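Novice: Residue strings, one per chain:
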Amino acid sequence: MTTATRDIILPAEWRDFWALTKPRVMSLVVFTALCGLLAAPGHIHPVIGFTAILCLAVGAGACGALNQYFEADIDAKMARTSGRPLPAGRMNRQSALHFGIALAAFAVGIMGVAVNWLSAGLLAFSIFFYAIVYTIWLKPNTPQNIVIGGAAGAFPPMIGWAAVTGDVTLLPVILFAIIFLWTPPHFWALALFMKTDYGAAGIPMLPNVKGQKVTRNQIFGYSFPMAATAMLPFALAETGWVYGLAAIVLNIVFLALAFRVWRNDATDAAAMKPEKQLFAFSILYLFLLFALFALDRMLIL
Amino acid sequence: MTAREEPAYTVEQTQIIRKRQAARARVMGVALVGLCILFFLITIVKVGGAN
Numbered sequence: 001m002t003t004a005t006r007d008i009i010l011p012a013e014w015r016d017f018w019a020l021t022k023p024r025v026m027s028l029v030v031f032t033a034l035c036g037l038l039a040a041p042g043h044i045h046p047v048i049g050f051t052a053i054l055c056l057a058v059g060a061g062a063c064g065a066l067n068q069y070f071e072a073d074i075d076a077k078m079a080r081t082s083g084r085p086l087p088a089g090r091m092n093r094q095s096a097l098h099f100g101i102a103l104a105a106f107a108v109g110i111m112g113v114a115v116n117w118l119s120a121g122l123l124a125f126s127i128f129f130y131a132i133v134y135t136i137w138l139k140p141n142t143p144q145n146i147v148i149g150g151a152a153g154a155f156p157p158m159i160g161w162a163a164v165t166g167d168v169t170l171l172p173v174i175l176f177a178i179i180f181l182w183t184p185p186h187f188w189a190l191a192l193f194m195k196t197d198y199g200a201a202g203i204p205m206l207p208n209v210k211g212q213k214v215t216r217n218q219i220f221g222y223s224f225p226m227a228a229t230a231m232l233p234f235a236l237a238e239t240g241w242v243y244g245l246a247a248i249v250l251n252i253v254f255l256a257l258a259f260r261v262w263r264n265d266a267t268d269a270a271a272m273k274p275e276k277q278l279f280a281f282s283i284l285y286l287f288l289l290f291a292l293f294a295l296d297r298m299l300i301l
Numbered sequence: 001m002t003a004r005e006e007p008a009y010t011v012e013q014t015q016i017i018r019k020r021q022a023a024r025a026r027v028m029g030v031a032l033v034g035l036c037i038l039f040f041l042i043t044i045v046k047v048g049g050a051n
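First to last, the sequence lines map onto chains A and B. Numbering-wise (the working numbering), the first sequence opens with residue 1 and increments by one. Numbering-wise (the working numbering), the second sequence opens with residue 1 and increments by one.
Bound conformation, chain A alone:
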């Protein structure tokens, strides 16, 4: 940590607390949770539905704050994260910890009282899994960190579903599996062209530990079960052709980009255009897949 971090004298701005919640990550969480909520059978009062999504967003914000509390020293070593409130010295660590715990308690408590305790329990577990299991245990210790840790990001659509139905059936488990299997190719594409940054921070990402060839093999390998799982809702007749066709097209593009990554043997980040394209498309892939899934389910329900 820098001297500026220790000698902080001014109170943090509210914008720094907002930045602590990782708003961009939160938007993906809110979106997938909303899709799970809209796709679930049954009815939820709009006020209760809004409360469920708000609690999920606040829970995601808690994860971001706790993650940045635990990783302030690592963030300071990476160019991508060194401008965050803690490594930049705009906030003290205790404030981040208290903020994260308060958000988590609020999100789980309100979810339980206003929505149902199954979704509150799932939300509590996902916060614990991300902040403790992933951030403290997996991330600094194993190159499989984002594979197992991906489970934390896969919970939101299941929680959205549980908020409506009060139970968890096969379809929300499939939604969970899609995000779980999507996470490795998505993150490893980023890890390939950010290898130097992760290496400087001492995080054992797969490209740093096993090399770029193994990582590219894994990216291509994971893309197939991901694509197959994305087809399951249609194959099980849980959706119509709108989702079915979209999933086919999106899977073809994803696999084609993953194939280009697999064929690429560049070691310099500047020559990793296929990896950057796959990373960018993977975000679009998940957004479109879930949006069309929710749309299709709303049409047939």
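Simulated from the structure, these hints should not be mistaken for laboratory data. Mixed in with the good hints, there may be bad ones.
[Said to hold, decoys possible] On the chain A side, residues computed to face chain B include the following (Cβ under 10 Å):
hint: 1; residue: Leu10
hint: 2; residue: Pro11
hint: 3; residue: Glu13
hint: 4; residue: Phe17
hint: 5; residue: Trp18
hint: 6; residue: Phe50
hint: 7; residue: Ala114
[Said to hold, decoys possible] Covered stretches of chain B (chain A as the covering partner; in silico rule of three or more C-beta atoms under 8 Å from a C-beta of chain A):
hint: 8; segment: 13-25
hint: 9; segment: 36-42
Predicted model, so just to flag it, every value in this text is computed and none were measured. Positions of the beta carbon are idealized from the N, C-alpha and C atoms, including for glycine.
Position chain B against the provided structure of chain A, taking the given hints into account.
Specialist: Frame of chain A; chain B shown alone:
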């Protein structure tokens, strides 16, 4: 309030602190009003059995 020990801030720093405190208080105020409305609506829904 005045009995509290505080580091000696410059006039500029004090102005920045006051400005930040005011901004944070405004955001907290908006959040609390929003929560009051939300809790009121949740109560109406729960009492009415609309869920």
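Novice: Would you mind marking each hint as holding or not holding in the structure?
Specialist: Comparing the hints with the structure gives:
The restraint placing A/Leu10 at the interface with chain B holds, with a minimum CB-CB distance near 6 Å, inside the 10 Å limit. Residue-level restraint check for A/Pro11 holds (minimum Cβ-Cβ distance to chain B is 5 Å; threshold 10 Å). Checking A/Glu13 against chain B by beta carbon gives a least distance of about 5 Å; that is within 10 Å, so the hint holds. Here the hint on A/Phe17 is kept, as its CB sits about 8 Å from the closest CB of chain B, short of 10 Å.
Because the smallest distance between the Cβ of A/Trp18 and any Cβ of chain B comes to about 9 Å, under 10 Å, the interface hint for this residue holds. Annotation: A/Phe50 was flagged as interfacial toward chain B, and the flag holds, the nearest CB pair being 8 Å apart, inside 10 Å. Annotation: interface hint on A/Ala114 holds; nearest CB of chain B at approximately 5 Å, less than 10 Å. Given a C-beta distance limit of less than 8 Å, the hint that chain A covers the segment 13-25 of chain B holds, as 7 residues qualify and 3 suffice.
Look at the segment 36-42 of chain B against chain A: 3 of its residues bring a Cβ nearer than 8 Å to a Cβ of that chain, three or more, so the hint holds.
Hint compliance for this structure: no hint is broken.
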